[in-house]
Amino acid sequence: NAGVTQTPKFQVLKTGQSMTLQCAQDMNHNSMYWYRQDPGMGLRLIYYSASEGTTDKGEVPNGYNVSRLNKREFSLRLESAAPSQTSVYFCASSEVTQEPQHFGDGTRLSIL
Amino acid sequence: DQQVKQNSPSLSVQEGRISILNCDYTNSMFDYFLWYKKYPAEGPTFLISISSIKDKNEDGRFTVFLNKSAKHLSLHIVPSQPGDSAVYFCAAKFGNEKLTFGTGTRLTIIP
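If you're matching them up, the sequences are chains A and B in order. As numbered in our numbering, residues 839 to 950 make up the first sequence, in order. As numbered in our numbering, residues 19 to 129 make up the second sequence, in order.
Next up, chain B with everything else stripped away, as it sits in the complex (with noise of 0.2 Å):
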């Protein structure tokens, strides 16, 4: 049972647009949520969180938001950059218990 899921294995983005990853979870528990970014032959790093007291986070060209209701979280990066062609996952847990992390999506800018 996948309680945290990237539905677009893959998405590509002009360079300078605005790119948008989505993640839906089932687990209503969930009130921590974690986007990281994986290069190719490294490990994942952090990226941006949002607590569930929250609907938005903002870091740069990265914003997190989160919509509890619909149990959706979205990254958007604005504006897109060649050096953002990465694996992105987001990643959810509640309390003290594990991370969840969703299957990941692999975006693409082109320049």
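Looking at chain A on its own, in the form it has when it is part of the complex (with noise of 0.2 Å):
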């Protein structure tokens, strides 16, 4: 009963390098989200999946790509870490947009 898996937990990366955080669920949700959480700035959203084969940008996608690698799994990458994406990521997943959205527990990320 995993619902959404999110890897790593925490990351250490200085400025410059690049990484993949990767997440999973297996619910057989169609929409995926990726979103960063900010002190005093909510949940903003980075990119989302509608459905497989389909990305989309949200509110933040600037320094970020990602890649719906097939239905269970939706990854966002940094190419050239920045200091200002140090940040709690979380990755969530839904049946459709309009439904209710399970989150995973994170990836606390530090650029040094």
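It is possible that part of the hints are untrue.
No farther apart than 20 Å at their CA atoms in a straight line, the calculated lysine to any residue pairs in the SDA-like style are these [what the hints assert, rightly or not]:
id	chain 1	residue 1	chain 2	residue 2
1	B	K111	A	E897
2	B	K23	A	R882
3	B	K111	B	S67
4	A	K909	A	Q855
5	B	K111	A	T935
6	B	K111	A	V934
7	A	K847	B	A59
8	B	K116	A	T845
9	B	K23	A	N868
10	B	K116	A	P899
11	B	K116	A	N903
The set of hints was computed from the structure by calculation and includes no laboratory data.
Join these two chains into a complex; the hints should help.
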């Protein structure tokens, strides 16, 4: 009964390094999302995928890329990490975009 | 431009009493509203929702009220329990558009 699984849970990067955050869901959901949470800012949508094979920008997409690898997996890539990308990243999924989203436990990312 | 606002960053309530969390929004197009609860080191979990065609929705100890004319949403928790201590986010959307989240309110239940 895993739901939404995110890896890694913690990561420290140096400025300019790249990395990929992984997300997988086992609920057969069609829609998947990436958010970042910063103090005093709530959750802000980075990218989402309404269905397998589609991706769209959210509120704060700059500096990120995504891949909807298959129905289960949705990855977020930082090509050249910047200190402003230090945040907690959450992946979420839902049956369709209108339905409530189920969240993973987050990846805490620090960029020095 | 913060379209969904939670103006109280924190709230403390005695165990057994009512907790009232508030949320204001500016976009009159929003037609679906949700509350999420978040414990430390965990992801948000869905709590309760309400469509704009209703003004109240109940689920056990949790009731959400919607005042469309005031663009105001509130979550009532009765009675409050220690396990309710968490950060609560309200969120809103319209149609198939993305969810817009508030900044959260940290609720502390005092035993």
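Original post:
Which earlier hints turn out false for this structure, listed by number in ascending order?
Top reply: Of the numbered hints, 4, 8 and 9 do not hold.
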